[in-house]
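Trainee: Each chain is listed here by its residues.
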Amino acid sequence: MFKKIMKGGHRKPSKSDSTENYAFGPPRSHNPGSVVVNHASRPVLSAPEQNSSPSAPIAPPPLSTAAVEPLPLLRDVPVSERQSLFLRKLQICSYQLDFTNMLKTVREKEVKRRTLLELVDFFQSGSGKITEVCQEEMIKMVAINIFRCLPPASHENTGQEVTDPEEEETHLDPSWPHLQLVYELLLRYVVSSDTDTKVAKRYIDHSFVLKLIDLFDSEDPREREYLKTILHRIYGKFMVHRPFIRKAINNIFYRFIYETERYNGIGELLEILGSIINGFALPMKEEHKLFLARALIPLHKPKPVATYHHQLSYCVTQFVEKDYKLADTVIRGLLKYWPVTNCQKEVLFLGELEEVLEATQSAEFQRCMVPLFRQIARCLNSPHFQVSERALFFWNNEHILGLIAQNRHVVLPLIFEALEKNILGHWNQAVHGLTVNVRKMFMEVDAELFEECRRQYEEKTAGAREVEDQREMTWKRLADVAGEREGGNLVAV
Amino acid sequence: MAMIDEPLYPIAVLIDELKNEDIQLRLNSIRRLSTIARALGEERTRKELIPFLSENNDDDDEVLLPMAEELGVFIPYVGGVQYANVLLPPLETLCTVEESCVREKAVESLCRIGAQMMEQDLVDCFIPLVKEVDYLEMQMHVGKDEITFCNKILQEFDIEFNRSFKRLAAGEWFTARVSSCGLFRIAYPSAPEALKTELRAIYSQLCQDDMPMVRRSAATNLGNFAATIEAPHLKVDIMSMFDDLTQDDQDSVRLLAVEGCAALGKLLEPQDCAAHILPVIVNFSQDKSWRVRYMVANQLYELCEAVGPEPTRSDIFPAYVRLLRDNEAEVRIAAAGKVTKFCRILNPELAIQHILPCVKVKMLMEHFGYFVEELSTDSSQHVRSALASVIIGMAPVLGKVYSILSGDALDVLLVLYCWVSLILEGIDATIEQLLPIFLSLLKDEFPDVRLNIISKLDQVNQVIGIDLLSQSLLPAIVELAEDRHWRVRLAIIEYITLLASQLGVGFFDDKLGALCMQWLKDKVYSIRDAAANNVKRLAEEFGPDWAMQHIVPQVLDMINNPHYLHRMTILHSISLLAPVMGSDITCSKLLPVVINASKDRVPNVKFNVAKVLQSLIPIVDQSVVEKKIRPCLVELSEDPNVDVRFFASQALESSNQVMMS
Numbered sequence: 001m002f003k004k005i006m007k008g009g010h011r012k013p014s015k016s017d018s019t020e021n022y023a024f025g026p027p028r029s030h031n032p033g034s035v036v037v038n039h040a041s042r043p044v045l046s047a048p049e050q051n052s053s054p055s056a057p058i059a060p061p062p063l064s065t066a067a068v069e070p071l072p073l074l075r076d077v078p079v080s081e082r083q084s085l086f087l088r089k090l091q092i093c094s095y096q097l098d099f100t101n102m103l104k105t106v107r108e109k110e111v112k113r114r115t116l117l118e119l120v121d122f123f124q125s126g127s128g129k130i131t132e133v134c135q136e137e138m139i140k141m142v143a144i145n146i147f148r149c150l151p152p153a154s155h156e157n158t159g160q161e162v163t164d165p166e167e168e169e170t171h172l173d174p175s176w177p178h179l180q181l182v183y184e185l186l187l188r189y190v191v192s193s194d195t196d197t198k199v200a201k202r203y204i205d206h207s208f209v210l211k212l213i214d215l216f217d218s219e220d221p222r223e224r225e226y227l228k229t230i231l232h233r234i235y236g237k238f239m240v241h242r243p244f245i246r247k248a249i250n251n252i253f254y255r256f257i258y259e260t261e262r263y264n265g266i267g268e269l270l271e272i273l274g275s276i277i278n279g280f281a282l283p284m285k286e287e288h289k290l291f292l293a294r295a296l297i298p299l300h301k302p303k304p305v306a307t308y309h310h311q312l313s314y315c316v317t318q319f320v321e322k323d324y325k326l327a328d329t330v331i332r333g334l335l336k337y338w339p340v341t342n343c344q345k346e347v348l349f350l351g352e353l354e355e356v357l358e359a360t361q362s363a364e365f366q367r368c369m370v371p372l373f374r375q376i377a378r379c380l381n382s383p384h385f386q387v388s389e390r391a392l393f394f395w396n397n398e399h400i401l402g403l404i405a406q407n408r409h410v411v412l413p414l415i416f417e418a419l420e421k422n423i424l425g426h427w428n429q430a431v432h433g434l435t436v437n438v439r440k441m442f443m444e445v446d447a448e449l450f451e452e453c454r455r456q457y458e459e460k461t462a463g464a465r466e467v468e469d470q471r472e473m474t475w476k477r478l479a480d481v482a483g484e485r486e487g488g489n490l491v492a493v
Numbered sequence: 001m002a003m004i005d006e007p008l009y010p011i012a013v014l015i016d017e018l019k020n021e022d023i024q025l026r027l028n029s030i031r032r033l034s035t036i037a038r039a040l041g042e043e044r045t046r047k048e049l050i051p052f053l054s055e056n057n058d059d060d061d062e063v064l065l066p067m068a069e070e071l072g073v074f075i076p077y078v079g080g081v082q083y084a085n086v087l088l089p090p091l092e093t094l095c096t097v098e099e100s101c102v103r104e105k106a107v108e109s110l111c112r113i114g115a116q117m118m119e120q121d122l123v124d125c126f127i128p129l130v131k132e133v134d135y136l137e138m139q140m141h142v143g144k145d146e147i148t149f150c151n152k153i154l155q156e157f158d159i160e161f162n163r164s165f166k167r168l169a170a171g172e173w174f175t176a177r178v179s180s181c182g183l184f185r186i187a188y189p190s191a192p193e194a195l196k197t198e199l200r201a202i203y204s205q206l207c208q209d210d211m212p213m214v215r216r217s218a219a220t221n222l223g224n225f226a227a228t229i230e231a232p233h234l235k236v237d238i239m240s241m242f243d244d245l246t247q248d249d250q251d252s253v254r255l256l257a258v259e260g261c262a263a264l265g266k267l268l269e270p271q272d273c274a275a276h277i278l279p280v281i282v283n284f285s286q287d288k289s290w291r292v293r294y295m296v297a298n299q300l301y302e303l304c305e306a307v308g309p310e311p312t313r314s315d316i317f318p319a320y321v322r323l324l325r326d327n328e329a330e331v332r333i334a335a336a337g338k339v340t341k342f343c344r345i346l347n348p349e350l351a352i353q354h355i356l357p358c359v360k361v362k363m364l365m366e367h368f369g370y371f372v373e374e375l376s377t378d379s380s381q382h383v384r385s386a387l388a389s390v391i392i393g394m395a396p397v398l399g400k401v402y403s404i405l406s407g408d409a410l411d412v413l414l415v416l417y418c419w420v421s422l423i424l425e426g427i428d429a430t431i432e433q434l435l436p437i438f439l440s441l442l443k444d445e446f447p448d449v450r451l452n453i454i455s456k457l458d459q460v461n462q463v464i465g466i467d468l469l470s471q472s473l474l475p476a477i478v479e480l481a482e483d484r485h486w487r488v489r490l491a492i493i494e495y496i497t498l499l500a501s502q503l504g505v506g507f508f509d510d511k512l513g514a515l516c517m518q519w520l521k522d523k524v525y526s527i528r529d530a531a532a533n534n535v536k537r538l539a540e541e542f543g544p545d546w547a548m549q550h551i552v553p554q555v556l557d558m559i560n561n562p563h564y565l566h567r568m569t570i571l572h573s574i575s576l577l578a579p580v581m582g583s584d585i586t587c588s589k590l591l592p593v594v595i596n597a598s599k600d601r602v603p604n605v606k607f608n609v610a611k612v613l614q615s616l617i618p619i620v621d622q623s624v625v626e627k628k629i630r631p632c633l634v635e636l637s638e639d640p641n642v643d644v645r646f647f648a649s650q651a652l653e654s655s656n657q658v659m660m661s
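Keeping their order, the protein sequence lines are chains A and B. All residue numbers in the first sequence are consecutive under UniProt numbering, ending with 493. All residue numbers in the second sequence are consecutive under UniProt numbering, ending with 661.
In case anyone wonders, no lab produced these hints; they're calculated from the structure. Mixed in with the good hints there might be a few duds.
[To be verified] These stretches of chain B come out as covered by chain A in the derived footprint (C-beta under 8 Å, 3 or more residues): (1) 38-45; (2) 204-213; (3) 519-533.
[Stated by the list, open to error] Taking lysine-lysine pairs in the PhoX-like style, the calculated list, with each CA pair at most 20 Å apart, reads: (4) 247/A - 289/A; (5) 211/A - 288/B; (6) 336/A - 19/B.
[Claimed, not checked] Across the chosen pairs, the derived CB separations fall in these ranges: (7) 247/B - 259/A: 14 to 24 Å; (8) 271/B - 172/A: 42 to 52 Å; (9) 659/B - 470/A: 29 to 39 Å.
This one's a predicted model, so the numbers in the text were calculated from it and none came from an experiment. Backbone N, C-alpha and C fix where the C-beta goes; we use that ideal spot for every residue, glycine too.
Work out the full structure: start from the sequences and follow the hints.
Mentor: What follows is the structure in structure tokens.
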């Protein structure tokens, strides 16, 4: 709370702009016709005087009054004139308008909005077979509108980490009324049966796709939703782009996992991948298996995993359901990235693990059961009752129960100690009860084994102190030997 | 030697420990690698331990990280620099793991080892050096493209290297390539001429690698690498790499290229820098991505040094002024952060004329303090007075700004910084204007404002003088002592000793004594804790006699507080006071209170009694320990509560030790 107050001043840097005094010189002349890259700061609603930046990258458009005169509707002109009118309409839409100031360029905004709306309708009505020139210009217009540098994220503004994803106020792009129409237009273009991919791929090229994928970092969920649908359609329609899209998504994942741990659109990208994985042909290509091992599994590591875990878990389970031989790779991967201190994350992992185990066959299970049940034993003893409860629920699952029963000679010795500890003193009543049930289950299945485990456990607890002492002794002796050697050397020198 | 009755196998110990499922034990044993190495001796370390480590690196990243770190300082254990090459294989493998911390640490360790090898006498180390370089060389041939070239070099290499090379060359995963970028700067300087050419070629390929991860690493390390390269190649090879990177299709790569531009520029001749780097950067200062412009804003100043005064004035200065007026607040802030430095390299009068007007009030406030400090210490008398007049002219504006922005805590704060700097410059005229502002800021509704003023109190004190301070500020401080926000109270407590020493005993007694007691009963633990420390510091400052009169009785009174947490605070204060007060007072006044508290009904108080008693043992006389402390502890060690028993027995143990010694 206090930190928030401290940082408050930074968070809205533009606020002071509004009360700014030009104390050191005359106010700069202001060019009302200029267009600025807006997003100057995040939640700006009123900045009466946005200074026009000489470094604004987009040249001021020739928005003379004539240019913004509403053009006639496309359907009102003869077919022969439509193309040139279409191009003129695109021209109108090819400028970003400043949305940080609602009062500025109101008329231009309205004209652009109507024009975009008409273009969208034009496509929707099915009369939208347009020439190649028009297609090219239209994609250019789309690019000018949507490819912008995203505004600073809240952590960049304040240096403050948002720990609780729900606490973060998402930044909604003020220019959404226009952006949405542009995205809609792009979507209609991509899905339209009139669009010939052979032609369209010239405009929707690698560079376009790459920039589109970069936009997934947008904080605005509405924008990400559109991007998801569009990229998915592009993936479906443009076969030539498929490997490229997969690679680009991979690169985003790698950067997210190994460099930044920050990216807004991971969930959306995974959603697309979920459906792509669903369509993988069997036997699976090596490339796809590598993707599982190198991107999907490491995606369990970053801190914000909770925000996209649902989609991630779906992708991973898809893999195992398609090819059960991958089960032990996945399980070992989960174990590798198992959370150490984050209990919420641990519950998510346990959920995913159960789903994967559901699809696991005996052979794969046997390959990873030792490390797996070491981890489950730790979970059983978790002081967080949700974690231990979730782990105990595994014994309610018939498939898993079958696997455990089949391999009880390995599993029980691994978890026996954990069960005993819970019964001796887990604070949570439910966990206690569930543990008793599990123990009873083992006892009924194989009393002999159970007795054997109990005997070993008692021996071990009795000897624990001794082992500990022994270890210390060994290290002490090692240190002595090392010391002696060193002393000897000194003398020798 | 006779002590060792069974043979000890250090490696076996390690293997055993590294197999343990408890990660803590594995970590412990990795941390003791040097012990094992010393026990083994240099030769066996080389022949047994290091190969073992090279093969056993599929552990958790948590274990691999310290391993990479330990190996970096392992040279003495393998027999000195001439054997350093044996350390390379395990580190090389660590360079290829996925976890970036581990990789970075491994690269760091490799560089550290490599650098030591370089420093040795050339003749002595010629052979190992060549090996080293060849070896590192091979590490870089991890990209698929370089295989042919590597094969050529390979023929000259030892079998051992051969093996490790193949493993790396076969690894098409990006991690190895990312790591290799960081190693060039070590490998390059001592490589023979032909190899150098190849190295540059390889680096250039890394700059165009398929994976953006690798290109980013290449961009990050370009400056390092360039620093080792001879001037003629610098202009050709490195500049073309720089160009590649600045035209990358990924924003993230271009950003890093910009970030390195200043470092690169400094390596070039000024005219070359002006010809090659400057245009790129000036161009970037108008990039459509604000992140790029932000980087430029951060780097521009550094570039000035590299290009010299003329291009600075003609090219950089306009770009800088543009950035000061950028649309994006982040960019403006970054640019304003360099105001001071820019003003220093420019003609100061020019700076006041051109830069100050661009700097917005807010940013000015943010950075003006530093600006004033720098200019006023470094420049001529003339500039200083010019500056002073500007500032004094600004005073009303700032005052107004303060009143307008009083909602924006940070800004207020920044105004204050300016003022403080001003006073420190001894501009006397402002004192009268200043004091009211100070006082009102001390009552500002935002706690961080109050807090920051308090933290500046000692500086204020220097200027305003103690009399004025005690008259005007002290009432405000007393008020702050009861501030709603505990951090503010905490800050005040930390300054109490300072104030007390400056104001003197007399002043302290009347005003602040009661406050100190009040804090001991604060609702917030941190305050109570700080208050206890404060009591101790006061006793140190004014001596035991004074403390006996003014602090100790009041503190001891509070032991009867109905709230157990407050009783615990008093126990804590006693343990802090005891060393200051000395043995006599401790025995006569403090100890009875503690002993009495052992009858408390709350276990927490009781085990704290045990802890305090333990801390008193070294202070008081042995006989007192026997007669008073031990009986009390014995009683506590039979308490029904397990924690009380634990701490009591711990205290007893330590009293036994004291007795024995």
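Trainee: Evaluate each hint against the coordinates.
Mentor: Structure-based check of each hint:
By the rule of at least three residues with a Cβ nearer than 8 Å to a Cβ of chain A, the coverage given for the region 38-45 of chain B holds, with 3 such residues. Coverage of the region 204-213 of chain B by chain A holds. Counting CB-CB distances below 8 Å, 3 residues qualify, and the rule asks for three or more. Against chain A, the region 519-533 of chain B contributes 0 residues with a C-beta closer than 8 Å to a partner C-beta. That does not satisfy the three-residue criterion, and the hint is violated. Among the hinted pairs, residue 247/A with residue 289/A is consistent with the structure: their alpha-carbon atoms are about 14 Å apart, no more than 20 Å.
Using a Cα cut-off of 20 Å, the hinted pair residue 211/A and residue 288/B holds, with the two alpha carbons roughly 14 Å apart. Between residue 336/A and residue 19/B the alpha-carbon distance is near 16 Å, which keeps this suggested pair within the 20 Å criterion. At about 21 Å, the beta-carbon gap between residue 247/B and residue 259/A stays in the expected band of 14 to 24 Å. For residue 271/B and residue 172/A, the hinted distance range of 42 to 52 Å is satisfied, since their beta carbons lie about 50 Å from each other.
Taken as a hint, the range 29 to 39 Å holds for the pair residue 659/B and residue 470/A, whose Cβ atoms sit roughly 30 Å apart.
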